[in-house]
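Asker: So the chains spell out like this:
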Amino acid sequence: MASFGRFIRLAVGACVFLLVIAASVPCNAQQVNPTASSVKEQQLLQELNRIQGRVSIPDQRSGVLEQPAGRDWREFRNVTLRWIGGIAILGMIAVMVIFYLTRGMVRLESGRSGRTIVRFRAFERFVHWMTASCFIVLAISGLNITFGRPLLLPLIGFEAFSEWSQWAKYAHNYLSFPFTIGVVLIFLMWIAGNIPNKVDVEWLKRGGGIVGHDHPPAYRFNAGQKAIYWIVVMGGGAVAVTGYELMFPFYLSGIEGMQLAQIVHSVVSVLFIAAMLAHIYIGTIGMEGAFDAMGTGEVDLNWAKEHHSLWVEEELAKGPSSGSSPRPVAAE
Amino acid sequence: MKAFLAALLFAAIAAVGVSILLNAIQEPSSVAFTTGGARVGDPGHNLVGPNG
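Residue numbers (the working numbering), protein chains in the order written: chain A, 118 to 449; chain B, 6 to 57.
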């Protein structure tokens, strides 16, 4: 009897042992993934378009956790904008180089007469140079914001790039004020002479005389100069408005408005820079005698007759022609 | 030349003047966004701010 009892205990023990072994072995057919059908982040974003909630921080805008438009904007700012800027600026430089090598400097065909006529008064030159010098610093510091990290940082290292970028940002933000003042003054000073008219249509049809040796007539400002005027006024106005919106963040708009302001500011700026490169070219090496207009304020009479014949007629009709001493020009 | 130098000088004076004015009327975000209910603390020392 005792031996039978031992046999039973042995049998039961063995069965329990086998059961424990079997239960401890993972059984693939029964494995469950508890999160298989739960909502994924990507689904959530697509459904809701933005993720936001309640926050105790006073600035309620911090309640927006993620918005897909932000990623689109980041793609624009890091990729698209750099392409636009690169093509516009490098493309303009390439065009100017090719043009200079083929057409060369537009020469004063009848040579200098030695007599001058006042073209721009001191105040006009002051306003132009204030706006222009601010523009140069704004352009360089602005390009640093877009291109500095990929192009300049590898060359000069983190310490130098940080220091330079801090000063560039301060310069950009503070010089925007005299630049804006200059744009407003330019608009007011020269609006009278920059209204397009029939003479400009004819001037444009003849290509401004830029190709060949044509000298289409023009008043004080030819069609090319009027184009630059309106680019400065409208472009300058656009970058000023969007720039101040960026400088005083969220005063006027939410995050979408700030993104739009940055897009407008950056695109207009890089195109503005390309246009100003052409303006600088034609006013310096592109045309003989042109720089005098903004340099000393007086231009050679032959230069004036060749490039602004109708303006010279008006000026000479006002009084005796000016010699080497400046003659005051009547206000426009 | 005089007009050009006067222009540079005026631009520099205007920029400095604006910087003084703005620094006087603007507050750093840790001050501006602190209320009785939530204190936005010291942002740290690795940022460019009024003391940096």
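These are calculated hints, taken from the structure and not from any lab test. For glycine and all other residues, C-beta sits at the position ideal for the given N, C-alpha and C. Check the hints yourself; a few may be wrong.
[Claimed, not checked] Among the chain A residues that face chain B by a calculated CB cut under 10 Å, a handful are: (1) S120; (2) A239; (3) V254; (4) I257; (5) F296; (6) T413.
[What the hints assert, rightly or not] Here are the computed distance ranges between Cβ atoms for each label pair: (7) B:L26 - A:F408: 34 to 40 Å; (8) A:V214 - B:T40: 55 to 61 Å; (9) B:K7 - A:V301: 20 to 26 Å; (10) B:I25 - A:V212: 39 to 45 Å; (11) A:G436 - B:K7: 38 to 44 Å; (12) B:L26 - A:H330: 38 to 44 Å; (13) A:T413 - B:P33: 32 to 38 Å.
Asker: Work down the list of hints and note, for each, if the structure agrees.
Answerer: Comparing the hints with the structure gives:
1. S120: At about 81 Å, which exceeds the 10 Å cut-off, the nearest Cβ of chain B leaves the hint on S120 of chain A violated.
2. A239: Status holds, d = 5 Å.
3. V254: At 9 Å from the nearest chain B Cβ, V254 of chain A passes the 10 Å test, so the hint holds.
4. I257: violated (15 Å)
5. F296: Since chain B brings a Cβ to about 8 Å from F296 of chain A, closer than 10 Å, the hint holds.
6. T413: At 8 Å from the nearest chain B Cβ, T413 of chain A passes the 10 Å test, so the hint holds.
7. B:L26 - A:F408: 34 to 40 Å: Holds - the Cβ-Cβ distance for L26 of chain B and F408 of chain A, about 36 Å, lies within 34 to 40 Å.
8. A:V214 - B:T40: 55 to 61 Å: Cβ of V214 of chain A to Cβ of T40 of chain B: about 58 Å, so the range 55 to 61 Å holds.
9. B:K7 - A:V301: 20 to 26 Å: holds (23 Å)
10. B:I25 - A:V212: 39 to 45 Å: holds (43 Å)
11. A:G436 - B:K7: 38 to 44 Å: Cβ of G436 of chain A to Cβ of K7 of chain B: about 25 Å, so the range 38 to 44 Å is violated.
12. B:L26 - A:H330: 38 to 44 Å: violated (54 Å)
13. A:T413 - B:P33: 32 to 38 Å: Distance hint for T413 of chain A, P33 of chain B is violated at roughly 48 Å.
Checked against the numbered hints given earlier, this structure breaks hints 1, 4, 11, 12, 13; the rest are met.
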